[in-house]
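Heads up: the protein sequence lines correspond to chains A and B, in order. The numbers in this note's numbering rise by one with no breaks, and the one at position 223 of the first sequence is 535. The numbers in this note's numbering rise by one with no breaks, and the one at position 111 of the second sequence is 143.
Errors might be hidden in some of the hints.
To be verified - Derived lysine-lysine pairs resembling DSSO-like cross-links, with alpha carbons at most 27 Å apart:
1) LYS128(B) - LYS43(B)
2) LYS191(B) - LYS382(A)
3) LYS673(A) - LYS382(A)
4) LYS377(A) - LYS597(A)
5) LYS673(A) - LYS638(A)
6) LYS128(B) - LYS597(A)
7) LYS377(A) - LYS191(B)
8) LYS128(B) - LYS568(A)
9) LYS128(B) - LYS673(A)
10) LYS638(A) - LYS377(A)
Claimed, not checked - Sample of chain B residues lacking proximity to chain A, with all beta carbon distances greater than 10 Å (derived):
11) LEU60
12) SER91
13) PRO188
Derived by calculation from the structure, the hints in this document are not laboratory data. C-beta: ideal position from N, C-alpha, C; glycine also.
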Amino acid sequence: MSENPAAPALELPAAERTGENVMVLNMGPQHPATHGVLRLVVELDGEVIVSVRPEVGYLHTGIEKTCEAKFYQQVVPLTDRINYLDPLSNNLCYCLAVEKLLGLEIPERAQWIRVLLTELSRLNSHLIWLGTHAMDIGALTVFLYTFREREEILRLFEAVAGQRMMTSYFRIGGLSMEPPLDWLDRVQAFITTFPEKIDEYSNLLTGNPIFMNRLKGVGYLSASDAIAFGVTGPPLRASGVDIDLRRDMPYSGYEKFQFKVPTSTVGDTWARYEVRLVEMRESTKIVQQALDGMPGGPVKADAPKIVLPDREKMKTEMEALIHHFKIVTEGFSVPAGEVYQGIECGHGQMGYYVVSDGTSKPYRVHMRYPSFATLQAVETMCKGRLIADLVAVIGSIDIVLGEIDR
Amino acid sequence: MTSQTPTISGKQAVLDALPDHPAIQALLTWNPEAFIDAKFDFGELTLTIAPTEIRAACSAVQAAGYNFFEDMTAVDWFPASPRFQLSYHILSHAFKERIRLRVLLDESEPIVDSITPVWSGANFFEREVFDLFGIHFAGHPGLRRIMLPDDWQGHPLRKDYPVEGYR
Numbered sequence: 313m314s315e316n317p318a319a320p321a322l323e324l325p326a327a328e329r330t331g332e333n334v335m336v337l338n339m340g341p342q343h344p345a346t347h348g349v350l351r352l353v354v355e356l357d358g359e360v361i362v363s364v365r366p367e368v369g370y371l372h373t374g375i376e377k378t379c380e381a382k383f384y385q386q387v388v389p390l391t392d393r394i395n396y397l398d399p400l401s402n403n404l405c406y407c408l409a410v411e412k413l414l415g416l417e418i419p420e421r422a423q424w425i426r427v428l429l430t431e432l433s434r435l436n437s438h439l440i441w442l443g444t445h446a447m448d449i450g451a452l453t454v455f456l457y458t459f460r461e462r463e464e465i466l467r468l469f470e471a472v473a474g475q476r477m478m479t480s481y482f483r484i485g486g487l488s489m490e491p492p493l494d495w496l497d498r499v500q501a502f503i504t505t506f507p508e509k510i511d512e513y514s515n516l517l518t519g520n521p522i523f524m525n526r527l528k529g530v531g532y533l534s535a536s537d538a539i540a541f542g543v544t545g546p547p548l549r550a551s552g553v554d555i556d557l558r559r560d561m562p563y564s565g566y567e568k569f570q571f572k573v574p575t576s577t578v579g580d581t582w583a584r585y586e587v588r589l590v591e592m593r594e595s596t597k598i599v600q601q602a603l604d605g606m607p608g609g610p611v612k613a614d615a616p617k618i619v620l621p622d623r624e625k626m627k628t629e630m631e632a633l634i635h636h637f638k639i640v641t642e643g644f645s646v647p648a649g650e651v652y653q654g655i656e657c658g659h660g661q662m663g664y665y666v667v668s669d670g671t672s673k674p675y676r677v678h679m680r681y682p683s684f685a686t687l688q689a690v691e692t693m694c695k696g697r698l699i700a701d702l703v704a705v706i707g708s709i710d711i712v713l714g715e716i717d718r
Numbered sequence: 033m034t035s036q037t038p039t040i041s042g043k044q045a046v047l048d049a050l051p052d053h054p055a056i057q058a059l060l061t062w063n064p065e066a067f068i069d070a071k072f073d074f075g076e077l078t079l080t081i082a083p084t085e086i087r088a089a090c091s092a093v094q095a096a097g098y099n100f101f102e103d104m105t106a107v108d109w110f111p112a113s114p115r116f117q118l119s120y121h122i123l124s125h126a127f128k129e130r131i132r133l134r135v136l137l138d139e140s141e142p143i144v145d146s147i148t149p150v151w152s153g154a155n156f157f158e159r160e161v162f163d164l165f166g167i168h169f170a171g172h173p174g175l176r177r178i179m180l181p182d183d184w185q186g187h188p189l190r191k192d193y194p195v196e197g198y199r
């Protein structure tokens with residue numbers, strides 16, 4: 313493991329930090345660089361950070377409690393609201409967990425479209441990270457470029473789900489419906505040009521001396537600290553731990569795709585930037601593979617008591633109408649048991665822990681979201697550094713407050 | 033189109049089915065008496081630990097290669113007894129596998145040792161359980177409410193707390 317590249321640069325001698333001149337500064341909850349309503353209570357000695365205490369909960373809406381009062385299928389739209397920048401990963405993780413409880417097998421086409429869409433969703437998440445992170449550092453232009461591509465991704469989401477952000481397109485047992493006819497061609501058109509766009513961002517930032525100076529050697533996190541704090545996703549891989557659930561514990565057919573998992577051993581904010589840029593290129597490859605090998609067939613599992621029938625059938629067949637009525641009014645019962653399903657979303661490892669007592673409403677749903685754990689590492693990354701670095705660090709861990717507070 | 037992995041329940045049955053499992057081996061060499069029960073269900077291994085021994089059990093599985101604390105939460109089985117269940121999800125980067133450690137707590141004494149000395153990342157997770165379930169963690173560095181205001185009454189994720197709150 314490499315040494316902290318910039319530790320001595322700003323470390324004050326211990327004798328100078330007596331604590332007499334410590335000032336407490338409230339950063340947030342309404343602060344543009346905190347990416348939402350995060351409040352950081354920062355103790356400063358001059359401009360040097362002595363301690364950082366995150367205060368969260370401003371967005372707490374009790375989603376876990378709400379889930380207990382809903383039918384299993386009614387929980388899907390709630391999951392979008394948690395990590396609103398990566399909506400389809402939320403849907404996927406919840407659906408996979410319930411499908412595991414039900415023992416439901418998903419048709420291959422549905423699995424591949426799920427992979428395709430979660431990768432687009434990861435691109436969406438990374439594009440917002442890149443735009444806002446660069447903006448925090450002072451490079452305003454990149455934001456306009458990344459939102460240009462994000463707009464196209466949101467149009468693709470809208471075409472399949474009817475919604476730009478709160479998609480709820482994945483359902484327990486498959487997808488809500490077959491994508492529109494020209495949709496795969498639209499994805500192809502987008503993904504063909506996308507690698508050039510990544511080059512464009514890279515041209516704006518990678519050689520930019522201001523951006524490099526603000527990021528290199530800042531916010532160092534060692535691999536052992538990252539593991540101790542439960543840090544996952546790009547920050548963990550940037551600290552040299554080679555783990556990606558898509559490759560190591562595959563779900564939804566990820567074992568059929570070839571992609572590299574970028575890592576770095578440097579462990580600073582610059583390494584996190586580089587890892588995410590490569591991840592965007594790899595996601596592009598996964599989407600391309602999904603388009604090339606897209607299998608035919610149905611997009612919903614053959615389980616009429618769980619999956620809503622097609623509209624056409626519901627209006628013409630008695631049995632389908634009964635099933636439709638039963639599912640909507642009574643839900644479907646799920647065998648008793650507990651499952652934990654982890655997936656790799658844009659920010660790191662997401663996990664849904666679903667406990668069933670055999671009825672049609674979940675007994676307990678708990679969500680593990682990456683930002684919640686990663687936030688604990690902020691103090692370690694910032695201690696003894698300048699306050700301006702705090703902004704770079706928060707940007708680099710790609711924080712979403714909706715998923716911290718739930 | 034359904035397929036279900038077989039359920040193996042009971043400590044002895046799981047020991048017979050998975051004799052070489054590293055986590056089970058580690059717990060048996062550590063303290064076979066504090067390792068109360070085991071279940072293999074939906075392809076996931078659940079190991080029940082005596083409430084007083086959870087911190088040592090975490091150290092034991094950590095030494096056996098289950099190096100990453102992923103998640104912890106509670107389930108309220110009201111009105112059953114013991115009322116609370118704590119579920120710890122521990123991931124192994126080496127074996128690419130996850131285990132669940134489970135602790136059952138009685139309502140009269142909802143307190144358990146904090147595992148923050150083993151994984152400091154459990155800090156926020158334990159605060160969340162304290163906040164929403166009212167379970168205490170002995171040895172936690174700063175056990176305060178995390179989601180709700182400090183003067184909040186009650187613990188919303190308990191089953192006897194109404195969904196709409198008290199009116």
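*Does LYS638(A) pair with LYS377(A) here, judged by a C-alpha cut-off of 27 Å?*
holds (24 Å)
*Measure nothing beyond the straight line between the CA atoms of LYS191(B) and LYS382(A); if it is 27 Å or shorter, mark the hint as holding.*
Since the Cα atoms of LYS191(B) and LYS382(A) sit roughly 14 Å apart, the hinted pair holds (cutoff 27 Å).
_Restraint status (C-alpha distance of LYS128(B) to LYS43(B) at most 27 Å)_ = holds (23 Å)
*With a cut-off of 27 Å on the C-alpha distance, tell me whether LYS128(B) and LYS597(A) pass.*
holds (24 Å)
*Minimum Cβ separation between SER91(B) and chain A greater than 10 Å?*
holds (13 Å)
_Holds or violated: LYS128(B) to LYS673(A), with C-alpha atoms at most 27 Å apart_ = Given pair LYS128(B), LYS673(A) is violated - Cα atoms ~31 Å apart, limit 27 Å.
_Against the 27 Å threshold, does the CA-CA distance of LYS128(B) and LYS568(A) hold or violate the hint?_
Status holds; Cα separation ~18 Å.
_27 Å limit on alpha-carbon distance, applied to hinted pair LYS673(A) and LYS382(A)_ = Holds, because 6 Å separates the two Cα atoms, which is no more than 27 Å.
*Quick one, are LYS377(A) and LYS191(B) close enough, alpha carbons at most 27 Å?*
holds (9 Å)
*Assess, step by step, whether the Cα of LYS673(A) is no farther than 27 Å from the Cα of LYS638(A), and give holds or violated.*
This hinted pair holds, its Cα atoms lying about 14 Å apart.
*Are all C-beta atoms of chain A more than 10 Å from that of LEU60(B)?*
LEU60(B) clear of chain A: closest Cβ-Cβ about 23 Å, beyond 10 Å.
*asked:* At 10 Å, judged by beta carbons, does PRO188(B) keep clear of chain A as stated?
replied: Nearest chain A Cβ is 6 Å from PRO188(B), so the label is violated.
Checked against the numbered hints listed earlier, the structure breaks hints 4, 9 and 13; every other hint is satisfied.
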